[in-house]
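Chains A and B, in that order, are what the protein sequence lines are.
Letter 26 of the first sequence, counting from 1, is numbered 25 in numbering that gives the first Met the number 0, and no numbers are missing.
Letter 50 of the second sequence, counting from 1, is numbered 49 in numbering that gives the first Met the number 0, and no numbers are missing.
Among these hints, one or two may not hold up.
[What the hints assert, rightly or not] A partial selection of chain A residues facing chain B, derived with a Cβ cut-off under 8 angstroms: (1) V30; (2) L34; (3) L47; (4) Y51; (5) E52; (6) P122; (7) W135.
[To be verified] The calculated label-pair distances, taken between Cβ atoms and stated as ranges, are: (8) A59(B) to D115(A): 26 to 36 angstroms; (9) R86(A) to G13(B): 44 to 54 angstroms; (10) E71(A) to D66(B): 40 to 50 angstroms; (11) A16(B) to Q9(A): 35 to 45 angstroms; (12) P12(A) to P15(B): 20 to 30 angstroms; (13) D50(A) to D66(B): 21 to 31 angstroms; (14) F33(A) to R53(B): 17 to 27 angstroms; (15) R103(A) to P20(B): 52 to 62 angstroms.
[To be verified] The following residues of chain A were derived to be distant from chain B, with all beta-carbon distances above 12 angstroms: (16) P12; (17) V15; (18) E23; (19) G26; (20) D50; (21) A53; (22) A58; (23) I84; (24) K118.
Hints listed in this document are in silico derivations from the structure and should not be mistaken for laboratory results.
Using N, Cα and C, we set each Cβ at its ideal position, and we do this for glycine too.
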Amino acid sequence: MAGEDLVAVQSQPIDVAAVLAAVEGPGEGGVVLFLGRVRDHARGRSVLGLDYEAYGPMAQLELLALARHARERLGAARVALVHRIGRLALGEVAVAVAVSAAHRPAAFEACRWLIDTLKERVPIWKKEWYADGGEWISDRP
Amino acid sequence: MRVLLFAGLAEACGQPALEVPGPEAPATVGQLEARLRASVPQLAGRPFRTAVNRRYASAAEPIAPGDEVALIPPVSGG
């Protein structure tokens, strides 16, 4: 955690209530929460579970930079970004993004930008497990 | 010089870090990438970006002794 932003890359389950609590504020009338959960299919294949790996120290720095950008440029008041690593089962929360702002447009816009940009540049990788083995996924080959 | 590896790159190389071959350490990110591409067959066909001291680095960026250098394959978080 740095300043007002809750930022974490962690192996323990994500406490969604704590993520929401981290963006509470008296002047913030709009709160948007995005949860990314482990899905049972990808590219036409059945997925049994996921492994996530991170370059932890760099991922932490990148997440802090994203949170700062959302506050300084996108009108977010408070930001929480938490990503799981390790083995996750179907349905578990892999990533949580919460944003509060005075009004809803900035909260929606910042939340959308944060999850999109996280997926583009934060050094975290997923490996999908299928009935016949596992494969590391690259979103921008 | 040692470079950190992750995910599919670490798996392809069978280890979490690579020792950069050659008598002298590369002076820039571009030189490092060229030397690795020329000497590590496991990297063939595998895209990556280079990070220096936990920041994405451009080809012109210098590398100093003691810098933390990592190869970042295409990310897939979220």
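Comparing the hints with the structure gives:
no.	hint	result
1	V30	20 angstroms, violated
2	L34	11 angstroms, violated
3	L47	17 angstroms, violated
4	Y51	7 angstroms, holds
5	E52	5 angstroms, holds
6	P122	5 angstroms, holds
7	W135	4 angstroms, holds
8	A59(B) to D115(A): 26 to 36 angstroms	28 angstroms, holds
9	R86(A) to G13(B): 44 to 54 angstroms	21 angstroms, violated
10	E71(A) to D66(B): 40 to 50 angstroms	28 angstroms, violated
11	A16(B) to Q9(A): 35 to 45 angstroms	23 angstroms, violated
12	P12(A) to P15(B): 20 to 30 angstroms	26 angstroms, holds
13	D50(A) to D66(B): 21 to 31 angstroms	29 angstroms, holds
14	F33(A) to R53(B): 17 to 27 angstroms	25 angstroms, holds
15	R103(A) to P20(B): 52 to 62 angstroms	55 angstroms, holds
16	P12	17 angstroms, holds
17	V15	16 angstroms, holds
18	E23	24 angstroms, holds
19	G26	29 angstroms, holds
20	D50	9 angstroms, violated
21	A53	7 angstroms, violated
22	A58	8 angstroms, violated
23	I84	9 angstroms, violated
24	K118	4 angstroms, violated
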